Amino acid sequence: MYNNNEGKFMDTLSRTSSYVRDVRKQNPLVVCLTNSVAQSFNANALLAVGALPIMTSAVEEIDELVAAADSLYINIGTANQPQSILMFEAVRCAARHSKPWVLDPVGVGVSSFRDNLTRKLIAIDCPAVIRCNVSEILHICGVPAPQHGVDAVSYGSGYLWCDDVQRYARNHRSAVAVSGPADYICYENRTDWVNGGSPLMTKVTGMGCTASAIVAACVAVFPNPFDAAYAGMCIMAEAGSRAADKAQGPASLQHHFLDELSQL
Amino acid sequence: MYNNNEGKFMDTLSRTSSYVRDVRKQNPLVVCLTNSVAQSFNANALLAVGALPIMTSAVEEIDELVAAADSLYINIGTANQPQSILMFEAVRCAARHSKPWVLDPVGVGVSSFRDNLTRKLIAIDCPAVIRCNVSEILHICGVPAPQHGVDAVSYGSGYLWCDDVQRYARNHRSAVAVSGPADYICYENRTDWVNGGSPLMTKVTGMGCTASAIVAACVAVFPNPFDAAYAGMCIMAEAGSRAADKAQGPASLQHHFLDELSQL
Amino acid sequence: MYNNNEGKFMDTLSRTSSYVRDVRKQNPLVVCLTNSVAQSFNANALLAVGALPIMTSAVEEIDELVAAADSLYINIGTANQPQSILMFEAVRCAARHSKPWVLDPVGVGVSSFRDNLTRKLIAIDCPAVIRCNVSEILHICGVPAPQHGVDAVSYGSGYLWCDDVQRYARNHRSAVAVSGPADYICYENRTDWVNGGSPLMTKVTGMGCTASAIVAACVAVFPNPFDAAYAGMCIMAEAGSRAADKAQGPASLQHHFLDELSQL
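Residue numbers (the working numbering), protein chains in the order written: chain A, 9 to 272; chain B, 9 to 272; chain C, 9 to 272.
Hints in this document: simulated from the structure, not taken from any laboratory. Among the hints, a few may not be true.
Identical copies go unnamed one by one, so any copy, or any two together, can satisfy a pair.
As the list claims (entries may be wrong) - Only pairs whose alpha carbons sit at most 27 angstroms apart, straight line, appear in this in silico BS3-like list of lysine-lysine:
id	residue 1	residue 2
1	K128	K211
2	K33	K211
3	K211	K254
4	K128	K33
Note that the structure is a prediction, hence the values are computed from the model and not measured.
Make the full structure from the sequences, and use the hints.
As structure tokens, then:
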């Protein structure tokens, strides 16, 4: 087994409540350069969890915003050339001001543009956490991975890919949080799985991006990247599970997800 | 009468279920260049119907995306100069890779910019389907049509405009799907009407754009443009009717619409 | 006391209904240059209140759109250099065509870019109404104001800031509507407060932007800027109060807000 099971059966609910409490105590300001599809959902999720989102598309103000912020969130889902320049500058600012940042490499592997953008962003400064799906992280690891659009392709139950992801995390200074039926987190020598959530979450656009946004709030609050990624994915899983119990479809899932998130 | 009534009283519900089943079997990947207001709604509707949306704003990746996709959806609702260059290139890619595409000419007639953009897009390659409102298609046909913003103006009950639309569809290789109290579909010598939906649907921003997105999923699944347009509009009408039965206003309509769409 | 209490205990509900009736009678067309996070919410709120939103990002069409419209709404929340050029041109068109416009200076004070953009927009032509939070208007007034992101910082119960805002409104030809636990409106020698709403409204992204959008619909209907700002804030407060009674969290608040708005 590649996973460290120690936390698997702990009282994740009480842990999750304590994570949310910590976020709410600090109200971290998160600069978000996220895709245009998920902006509103990402912002509402950050508000619900107790963070303060600020969005921008202007390179002229990125240094001031990152300097004032507690963390930076970059999502390449609908990036183009001007936005990639903004993203490069944002990561440089994060490095200069010692602010942690989170990368969501949406659709890396579907185009050279996304591959190059992802590689360059990581080369400027290691993100505290990379949050993505299995196809995406394998592509970053240089392992051939089937892909169909921006959504994860099933990898069966073998979890053989964990080796590759763990090696990547050990060789870089980034934690990796891989979303899936169970979420896999690794950083340095630590690995763990987060259970919970619901398959219906894959039917809501921007749900993965929202996980990344929540993790970006957490890297501002929990200094260790593993802890931040783990906390963020627990919050997602708990709110997702609760919402799925009440949902009749994807719209009501998203609706209940935000309401539950605000009540955790 | 301009319409072909043969299908009017058939069991549209069972037909609609079968259309959705066909879409879900194929899970078409739809590249969406849609307006910034409707992106999230469009993406959620595509996921609900069983398609996989992918959005982009980067001309650098459009060829790879269209090559990998099953269809292309272009909506000019908030297009500007850089985006129009992306749209032209996308349609060229669709032609080169023989992928069908759907056009939603939002607000054509309200500005020369939208007129020119629409004319140039159609000149590059005929869309499989043009999905729009009456004002918009009449403007494309060169018939003077009153317009007030991007919303349809009522044309009474005469349906005299159908002649013009039918002539346009006959002279071009595009099907036309005109949204209204009843939706009018025509292609070559075939015409039909789709009943259902709800007047409340006009109070939800991006509902028309979502119809176009659903039709874009259908052109990937049904080879004949008439069939694709008809299937898409039936899916919209059925989900809209069901949602309207449960809705208390526009937000709950949109909410139920997506949930119903996922359950068709 | 800085406020004029005369209207405070009037039957605001029946007044609000009459404001909405007036908006619905005219169906004003509102050109919206709003931030990418709030676009969909803003458009749905305008539709719910009986206005017709039209969004654009193309400077090529802004003159035709503003000429055809009844008012203009500018929100700088995610503006960048190209969009600021569009905004300058839009305000010039509004001045040329004598169309009233509303400014939401989101986050003015958090960056020089936003400060310069706001100053230049106001210099081109005075907005009919500036709708913002306390930090933002104090920054515009040149009064040092604490700021953390784009959200308002609490100013206690002293309301000492009203003096500064009133002086600004007297010296310019703009009404000011300041959102807060109670909303403060002033123009020339008139001032008033609007009560209602709910603290939960601050947990929905784009709620303030939506207030500005509603005010933009009202400036098209009520010629006096004070009356327009007052009507818009009453509509927001009433729909917000009703929605809060039914909401379990921020998503259900937004949902009920739009439904209630459509039923006012």
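Any hints from earlier that this structure breaks? Give me their numbers in increasing order, please.
-> Per hint list: 1 and 4 violated.
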